[in-house]
Amino acid sequence: ILNVEQSPQSLHVQEGDSTNFTCSFPSSNFYALHWYRWETAKSPEALFVMTLNGDEKKKGRISATLNTKEGYSYLYIKGSQPEDSATYLCAFSKQAGTALIFGKGTTLSVSS
Amino acid sequence: NAGVTQTPKFQVLKTGQSMTLQCAQDMNHNSMYWYRQDPGMGLRLIYYSASEGTTDKGEVPNGYNVSRLNKREFSLRLESAAPSQTSVYFCASRTGASGANVLTFGAGSRLTVL
Numbered sequence: 001i002l003n004v005e006q007s008p009q010s011l012h013v014q015e016g017d018s019t020n021f022t023c024s025f026p027s028s029n030f031y032a033l034h035w036y037r038w039e040t041a042k043s044p045e046a047l048f049v050m051t052l053n054g055d056e057k058k059k060g061r062i063s064a065t066l067n068t069k070e071g072y073s074y075l076y077i078k079g080s081q082p083e084d085s086a087t088y089l090c091a092f093s094k095q096a097g098t099a100l101i102f103g104k105g106t107t108l109s110v111s112s
Numbered sequence: 001n002a003g004v005t006q007t008p009k010f011q012v013l014k015t016g017q018s019m020t021l022q023c024a025q026d027m028n029h030n031s032m033y034w035y036r037q038d039p040g041m042g043l044r045l046i047y048y049s050a051s052e053g054t055t056d057k058g059e060v061p062n063g064y065n066v067s068r069l070n071k072r073e074f075s076l077r078l079e080s081a082a083p084s085q086t087s088v089y090f091c092a093s094r095t096g097a098s099g100a101n102v103l104t105f106g107a108g109s110r111l112t113v114l
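In the order they appear, the protein sequences are chains A and L. Residue 61 in this note's numbering sits at position 61 of the first sequence, with consecutive numbering throughout. Residue 51 in this note's numbering sits at position 51 of the second sequence, with consecutive numbering throughout.
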């Protein structure tokens, strides 16, 4: 069983703060790394998919980077807003055709 | 667009009872998945179907069976429910089994086994 680790498990920030989370995954046989956003009482929704070392993706105030050689990805949120409060999941695929394995998530709470 | 539809949304079972969770997608996706979500455990893969006619075990398959009925539908069956199967179950689908394809999730089914 592959191990996908996310840190921190949870964090609380003030509105306007910038923050980042880490996802660690096995660096061998890497194929793809996904980030999902999961709001309470809703279903997870895809944010980014990255496949190449050095990939950077951005959607509004949220961005992500990927280092496949050392096996980690960062998710950044600039100027956090209360609506950013959610659990952020990363998921790893080791080769084409295999299912995604999820980390336990980082739960972000943003207070105004 | 309906996307991924799961039924039922809520179910309470007694130990030993059986039930089937239904999942259907209308996006013409080839691959479908069942995950369970437990507090502190994240999403764990139960079974998946990379394409119509195939199914494979995930991380936690014990106590479950699946059927890929057709391209649209992928059901999860609990033959003899146990309290350890109390969980929220999510069905998901994607275009194909390539690791670069994103998942679309259903709304979840909350199952309680007494």
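Please keep in mind that the hints were generated in silico from the structure rather than gathered at the bench. Because the structure is a prediction, the values reported are computed rather than measured. Where is the CB? At the ideal position from N, CA and C, for every residue including glycine. A couple of the hints might just be wrong.
[Claimed, not checked] Computed beta-carbon distance windows for the label pairs:
#, chain 1, residue 1, chain 2, residue 2, range
1, A, 56, L, 41, 46 to 54 angstroms
2, L, 54, A, 42, 24 to 32 angstroms
3, L, 9, A, 58, 29 to 37 angstroms
4, L, 15, A, 56, 47 to 55 angstroms
5, L, 65, A, 14, 28 to 36 angstroms
6, A, 39, L, 61, 38 to 46 angstroms
7, L, 56, A, 60, 16 to 24 angstroms
8, A, 15, L, 77, 39 to 47 angstroms
9, L, 27, A, 61, 38 to 46 angstroms
10, A, 14, L, 56, 26 to 34 angstroms
11, A, 15, L, 65, 14 to 22 angstroms
12, A, 56, L, 69, 37 to 45 angstroms
13, A, 29, L, 3, 25 to 33 angstroms
Checked hints:
Range check, residue 56(A) to residue 41(L): about 30 angstroms between beta-carbon atoms, so the 46 to 54 angstroms window is missed. The supplied range of 24 to 32 angstroms is met by residue 54(L) and residue 42(A), whose beta-carbon atoms lie about 30 angstroms from each other. Look at residue 9(L) against residue 58(A): about 35 angstroms separates their beta carbons, and that is inside 29 to 37 angstroms. Look at residue 15(L) against residue 56(A): about 50 angstroms separates their beta carbons, and that is inside 47 to 55 angstroms.
Take residue 65(L) and residue 14(A): their Cβ atoms lie about 48 angstroms apart, and the range 28 to 36 angstroms is violated. Judged by the Cβ atoms, the range 38 to 46 angstroms given for residue 39(A) and residue 61(L) is violated: they are separated by roughly 29 angstroms. For the hinted restraint 16 to 24 angstroms between residue 56(L) and residue 60(A), the CB-CB distance of approximately 36 angstroms leaves it violated. Distance hint check: the CB atoms of residue 15(A) and residue 77(L) are about 46 angstroms apart, consistent with the given range 39 to 47 angstroms.
Remark: the range hint 38 to 46 angstroms for residue 27(L) to residue 61(A) is contradicted by a beta-carbon distance near 28 angstroms. Look at residue 14(A) against residue 56(L): about 45 angstroms separates their beta carbons, and that is not inside 26 to 34 angstroms. Between residue 15(A) and residue 65(L) the Cβ separation comes to about 47 angstroms, which falls outside the hinted range of 14 to 22 angstroms. Distance hint for residue 56(A) and residue 69(L): a CB-CB separation of about 41 angstroms, consistent with the stated range 37 to 45 angstroms.
Between residue 29(A) and residue 3(L), the C-beta spacing of about 31 angstroms keeps the proposed range 25 to 33 angstroms intact.
Checked against the numbered hints given earlier, this structure breaks hints 1, 5, 6, 7, 9, 10, 11; the rest are met.
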